[in-house]
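Chain by chain, the residues:
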Amino acid sequence: MLVTAGLLMGVTLLAASLLRPKKPSATKADTYECGIETVGDTWVQFRVQYYIFALVFVLFSVEAVLLFPIAVAYNALPLYSVLIAVLFIIILLEAIVFAWRKGVLEWN
Amino acid sequence: MEFNIIKFIVDPIDGFIRNLLGFSPLLGDLVTMGLAAVVICTLAALSFMALTYAERKIVARIQDRIGPNQAGPFGLLVPLADGIKMFTKEDTTPRAADRGVFNAAPLIIATFALAGFAVLPFSPGIVGTALNVGVLYTIAIGSGSIIAIIMAGWGSNNKYALLGAFRTVAQLVGYEVPMILNLLPIVALTGSMSLMDVVYRQTLANGNPGIPFIVYFPFCALVYLISGIAETGRSPFDLLEAESEIVAGFHTEYSGMKFALFFLGEYVNALAVAILFVTIFLGGFAGPVLPPVVWLLIKCALVFSLFIWLRGTLPRVRVDQMHDLNWKFLVPLSIVNLVIMLLIGKIFVATEATQQATGGIVVGYYGQAAIFAISNLVVLFGGLALAARAGRVRRLADEKIMAARAEQNQLAASRAIAVGK
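Protein sequences appear in the order of chains A and B. To convert a position in the first sequence, counted from 1, into my numbering, add 641. To convert a position in the second sequence, counted from 1, into my numbering, add 380.
Read the hints as simulated data drawn from the structure, not as lab findings. Ideal placement from N, C-alpha and C gives every residue a C-beta, glycine not left out. It is possible that some hints are incorrect.
[What the hints assert, rightly or not] When the alpha-carbon atoms are kept at most 27 Å apart in a straight line, the in silico DSS-like pairs for lysine-lysine are as follows:
no., chain 1, residue 1, chain 2, residue 2
1, B, Lys-469, B, Lys-387
2, B, Lys-437, B, Lys-465
3, A, Lys-743, B, Lys-780
4, A, Lys-743, B, Lys-465
[Unchecked claim] A partial selection of chain B residues facing chain A, derived with a Cβ cut-off under 8 Å:
no., residue
5, Leu-401
6, Gly-414
7, Gln-443
8, Leu-494
9, Val-553
10, Val-557
11, Trp-707
12, Phe-709
13, Leu-718
[As the list claims (entries may be wrong)] Ranges between beta-carbon positions, derived for each pair:
no., chain 1, residue 1, chain 2, residue 2, range
14, A, Val-703, B, Ala-786, 48 to 56 Å
15, B, Val-799, A, Arg-688, 16 to 24 Å
16, A, Phe-729, B, Gly-505, 31 to 39 Å
17, A, Gly-744, B, Lys-780, 20 to 28 Å
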C-alpha cells in the first residue's frame, strides 16, 4: 500500500512538472522573509523545550508499546496480573507528576 | 450480515484475477493487492476533493456568507478548478534549499497519509490488508508523516519554516500520547488489535451485545476525538498555519503541486481520523437495514461535519494553552482512566465463562457497559472539576494582583495631583 501510494503521488508530481511553467528568476529563488531581504543565518537556536517534550513523548511511547501486549491478553489475565500492570502504569503517572512539579512542562 | 455490496463487486474481480494468474499465486496476490491499493488511493483523493468543497461551503454558511458559487452550478466545479490551479502553478524552489530533502518531504507526507487507509475496514471482510496489529500500524503511520514535516522545515532553509516545523512537531508528537493511551481500554476489551475485530465486538455477531464503544468509554472517545483533531492540525489547534503568526509554517517555501500534496495530506489525514473514530467508537460499518458501506459513509460524514463545525466556531488556542491542555490535563487523566478501566474490567465481568476462568462479579454485558460508562463519566467530570478549581484559584490570584496594582495606581495618581496642586 505504501509503495502504491508513493508511486501514485510520484506520478502526480511528474505530471505536474510537465504541465507547469518554468521561469526561474533571481528574486523568485530568494528565501522568503515577509517580503524583505533576509537578515542573519537561517539556523535558529533550538530551544530546549522541544527536546523535553520529545523526551516525555518517548517515555510514554515506550510505556504504550509495553502495555499493548497486556491489553491484547487482557481477557485471559487474572486480577493479580492486572494489578501488576496497574503498578507499572502508576509508576509512570508518578513520572509525569514529578515532571510537572519540577516545572519542566512549561512552554516559555 | 445483510447484502454486502462491496463484497458483491470485489469477489468476482478477485476470482477473475486469480484465475488468470493461476500459474503464480504470488503474482495473483500482488496484482490484487496493487489494484486494491490503487482503488483506495483514488477514492481517498476523490473524497479529498469533495471534502474541500464541503468544508468551504459549510464554514461559509457558519460565517453567514455563501462560499464559492461561481465555478459551475453551486460552485461544484471548485475542486476541479483547484486541481487545475495546483497542476499549472510554477514550482519556485529557493536556491538555498536542500534539494533532496525539500523535494522528498511532500511525497512522504502524502504517501503516509494514504497508507493509513490500508487497515480501515470498509465492509465485513473488506479491508486493504487484514493486519492483526491494525491499531499499532495506524499509530506508526501517524508518526511517519511527522518526520517528513521536519524534513520540509529543514530543507526549506528558512528561519520561519524551521520554527514552524519545530512547533508543528511538538504539537503532533505531544498529542500522540493521549491518543495511544485511550486506545488501550478498547484493545483490552476486544482482545485484539485488529480493527476488523474491534468493529465485530461492537456488532451483534459472535454473541456480542452490539454496544458501540462510545457508550462503554465516552471519556476515551472524547479525548481521542480531541487528540485526533490536534494531530491533524485542524482548528482550533491550527496555530501552525496561523497566517499572522508564522507566515505559513513549515510549508512557506512550497508552491504548486508540492503544496497541493501537503494540503492533500492534511485533509486525507483528517478523513482517516474521522474513519478511525467511527470504526473504533461508533461501530464502523454496523447498522440495521442499509448495506454496511453506506452506514460507514453516513457516520463518517457526520463526524467530519463535526470537525468542520468545530473549525467554524471555535477560536484558535495559544501554543502554551495547547501544551498545558495536553500534558497537564489529558495525559494524567488518561492514565488515571486507564488504571480504573483495567481494574473495573477484571472486577465486573460480563459472562459466566469469564468468571470461571479469571474470577469477578458477573453483571452481564449491559451491566458491564453501564459500569464502564459511569466510571468514565466520573473521571471526566472529576477531571473537569479539578481543572475548573485550578483555573478559579489562578483567576482569583490574578484578580487580587490586578486589584492591588489598581490601588497603587490610584494612590500614585492622587499623590501626583496633591503634589501638582
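Would you say the C-beta atoms of Val-703 (chain A) and Ala-786 (chain B) sit inside 48 to 56 Å of each other? Taking Cβ atoms as reference, Val-703 (chain A) and Ala-786 (chain B) lie about 50 Å apart, which means the hint holds.
Hint consistency between Lys-743 (chain A) and Lys-465 (chain B) [alpha-carbon to alpha-carbon, up to 27 Å]: 51 Å, violated
Could you check if Trp-707 (chain B) really has its C-beta closer than 8 Å to a C-beta on chain A? Check passed: Cβ of Trp-707 (chain B) comes within 5 Å of chain A, closer than 8 Å.
Can you tell me whether the CB distance of Phe-729 (chain A) to Gly-505 (chain B) sits inside 31 to 39 Å? 37 Å, holds
Pair hint outcome, Lys-469 (chain B) versus Lys-387 (chain B) [Cα-Cα no greater than 27 Å]: Since the Cα atoms of Lys-469 (chain B) and Lys-387 (chain B) sit roughly 41 Å apart, the hinted pair is violated (cutoff 27 Å).
Proposed interface contact between Phe-709 (chain B) and chain A, which counts if any beta carbon pair is under 8 Å: Violated - the Cβ of Phe-709 (chain B) stays beyond 8 Å from chain A, reaching only about 11 Å at its closest.
Regarding Val-799 (chain B) and Arg-688 (chain A), is the given constraint of 16 to 24 Å on their beta-carbon distance met? Taking Cβ atoms as reference, Val-799 (chain B) and Arg-688 (chain A) lie about 47 Å apart, which means the hint is violated.
Minimum Cβ distance from Leu-401 (chain B) to chain A below 8 Å? 18 Å, violated
May I ask you to test the interface hint for Val-553 (chain B) with respect to chain A, counting a Cβ-Cβ separation under 8 Å as satisfied? 5 Å, holds
Holds or violated: Lys-437 (chain B) to Lys-465 (chain B), with C-alpha atoms at most 27 Å apart: Roughly 19 Å separates the two Cα atoms, so the pair holds.
Would you settle whether the hint for Val-557 (chain B) is holds or violated, based on the nearest Cβ-Cβ distance to chain A being less than 8 Å? 4 Å, holds
If you take the shortest Cβ to Cβ gap from Gln-443 (chain B) to chain A, is it below 8 Å? With a minimum Cβ separation of about 27 Å from chain A (threshold 8 Å), the hint on Gln-443 (chain B) is violated.
Violated hints for the displayed structure, listed by number in ascending order: 1, 4, 5, 7, 12 and 15.
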